[in-house]
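J.: Assemble the whole structure, with the sequences as input and the hints as a guide.
Number of protein chains: 2
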Amino acid sequence: MHDLMIIGSGPAGVSAALTAQARNLDFLWFGSPELSMKIQRAERIRNYPGLPDVAGETMQQVFLRQIEDAGITLTPERINAIYPMGAYYAASVNKKVYEAKAILLATGIQTTKTIPGEAELLGKGVSYCATCDGFLYKQKKVAVICTSPKFEPEIEYLADIASQVTLFTTYKGCGIQKGNVTSVAGYPSKILGTDHVQALVCQGQETSVDGVFFLKDSVSPAVLLKGLEMDDSHIQVDRMQKTNLEGCYAAGDCTGRPYQYAKAVGEGNVALHSILEYLAACASSNK
Amino acid sequence: MHDLMIIGSGPAGVSAALTAQARNLDFLWFGSPELSMKIQRAERIRNYPGLPDVAGETMQQVFLRQIEDAGITLTPERINAIYPMGAYYAASVNKKVYEAKAILLATGIQTTKTIPGEAELLGKGVSYCATCDGFLYKQKKVAVICTSPKFEPEIEYLADIASQVTLFTTYKGCGIQKGNVTSVAGYPSKILGTDHVQALVCQGQETSVDGVFFLKDSVSPAVLLKGLEMDDSHIQVDRMQKTNLEGCYAAGDCTGRPYQYAKAVGEGNVALHSILEYLAACASSNK
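Line by line, the protein sequences are chains A and B.
Residues 1 to 287 in our numbering are what the first sequence lists, from first letter to last.
Residues 1 to 287 in our numbering are what the second sequence lists, from first letter to last.
Treat the hints as calculated values from the structure; they're not laboratory data.
Since the model is a prediction, treat every value here as computed from it, not as a measurement.
Once the Cα atoms are required to be at most 30 Å apart in a straight line, the calculated BS3-like pairs of lysine-lysine come out as:
| # | chain 1 | residue 1 | chain 2 | residue 2 |
| --- | --- | --- | --- | --- |
| 1 | B | 242 | A | 38 |
| 2 | A | 242 | B | 242 |
| 3 | B | 38 | A | 242 |
Residues from chain A that keep clear of chain B, each with C-beta distances beyond 12 Å, as calculated:
| # | residue |
| --- | --- |
| 4 | 33 |
| 5 | 84 |
| 6 | 92 |
| 7 | 96 |
| 8 | 101 |
| 9 | 120 |
| 10 | 133 |
| 11 | 141 |
| 12 | 160 |
| 13 | 190 |
| 14 | 194 |
| 15 | 204 |
| 16 | 230 |
| 17 | 282 |
Interface residues of chain B toward chain A, partial, derived using beta-carbon atoms under 10 Å:
| # | residue |
| --- | --- |
| 18 | 49 |
| 19 | 52 |
| 20 | 53 |
| 21 | 54 |
| 22 | 59 |
| 23 | 65 |
| 24 | 66 |
| 25 | 69 |
| 26 | 70 |
| 27 | 237 |
| 28 | 238 |
| 29 | 255 |
| 30 | 260 |
| 31 | 261 |
| 32 | 264 |
| 33 | 274 |
Note that CB positions come from ideal geometry on N, CA and C, so glycine has one too.
T.: Now the structure itself:
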């Protein structure tokens with residue numbers, strides 16, 4: 001059982017991980033090896049104290065080096081679901097389960113909105129992980145909504161299993177060349193089905209499918225962790241970055257505007273300090 | 001009339017000033033030319049993203065250069081009092097008055113507590129500024145509570161005017177050598193007087209004085225701006241860094257723990273974004 005799992009590797013996650021390491025916490029940190037697409041693609045950041053008028057790519061390199069020098073390990077996995085287990089949390093990814101006493105959500109803000117049916121049919125035909133659930137769709141029809149070229153290997157894998165793949169990409173120049181993959185323009189508006197996925201609707205057109213895969217950097221927090229109180233599309237937190245769930249904290253863009261590096265870094269730090277207090281209280285009540 | 005006055009030049013003030021400049025705000029920024037004693041004296045900072053394992057002095061130098069490169073001017077004055085004027089704020093220092101539509105308090109945390117009588121007798125014998133009020137004590141007896149050698153010229157100035165100076169310093173090795181200055185060990189516990197200062201109490205001993213000067217980096221926010229809602233010794237703010245006073249925001253250590261650079265930087269950024277919204281709302285309601 002670890003002390004903490006940090007989900008997300010943007011500035012909030014980086015800040016929290018650096019403080020967790022400085023405070024000798026036993027923590028797991030999940031994210032992308034490139035940390036954050038948002039940082040990487042930022043042209044210039046003019047108001048981050050300490051890195052004057054910096055290109056996003058430079059900030060990324062500085063963060064990567066700092067993490068490495070601090071001896072911090074990033075686990076490059078996308079967590080698909082988190083379960084509150086009473087006194088701890090379980091996070092599942094690729095059929096593995098990780099456990100920790102506390103959890104910090106630093107998942108960033110979704111560029112793609114959750115569509116009707118997505119949360120309701122999760123685990124009933126909706127999946128966020130081809131590697132985990134692809135095998136269920138042998139010779140079946142699936143739809144894939146893909147937000148980045150880096151997920152294309154997962155599309156290829158699905159195309160090898162399924163009979164037909166209907167593909168929606170949110171970027172241009174998709175590199176997939178497979179006979180059973182049909183690219184469709186637009187973004188789906190809803191998923192139909194009651195007990196299980198039956199069809200996908202896009203621009204009024206229904207496509208009958210057995211499964212729908214969303215391949216995106218981060219899953220909506222409300223879908224990731226059921227019972228989390230949201231304020232519109234943001235996680236509700238107090239000044240100490242505490243959510244409505246005991247032992248669960250959030251930091252960065254996922255908690256609301258302004259979507260700023262400095263704000264995310266500050267919140268990651270505050271959340272970590274709250275978590276230290278939480279863990280100390282847990283430890284003393286267990287004595 | 002300026003848009004904004006930022007009071008304080010620690011990390012929260014630096015962050016706010018950088019964002020204010022990036023957003024072309026017409027603002028005044030008050031603080032120390034060395035920015036923050038706390039930063040300058042920090043041995044090593046291990047968890048600030050972007051400046052790996054940095055000495056406080058290096059962080060200070062980086063911040064100073066960044067401010068200069070951004071073309072930001074720091075006004076090196078200590079604001080003694082702020083007055084809410086309805087639609088704007090007035091800040092007074094050294095007999096000058098500055099005005100702005102909004103105010104950001106980034107005053108840090110007091111290392112010295114406010115003692116009984118200090119706030120009550122401010123302007124009635126209690127002063128935070130020798131240059132401003134020294135002339136009132138010609139041939140009179142004053143007490144001085146001094147927190148840093150950098151204020152010693154103010155003590156010398158007072159010694160030239162007053163008949164007797166009773167001096168309390170919170171540091172060792174005070175360099176003042178004047179016949180009418182008597183150094184006393186300890187820190188005063190209260191100031192006596194009803195309409196005006198009459199005496200100072202230290203370790204049970206009363207010393208009769210006409211005036212009491214506190215020479216310190218920053219004045220308690222509750223004394224600086226009357227009516228500000230406090231939570232113990234911290235300014236009460238919401239998630240947007242708004243205080244209970246319209247147009248008044250606060251950021252950094254003065255709003256509470258953790259006393260961390262990252263937290264202060266984040267709050268300075270958030271406060272500035274809230275102020276931008278506030279100013280936009282003011283502008284549109286004035287149309």
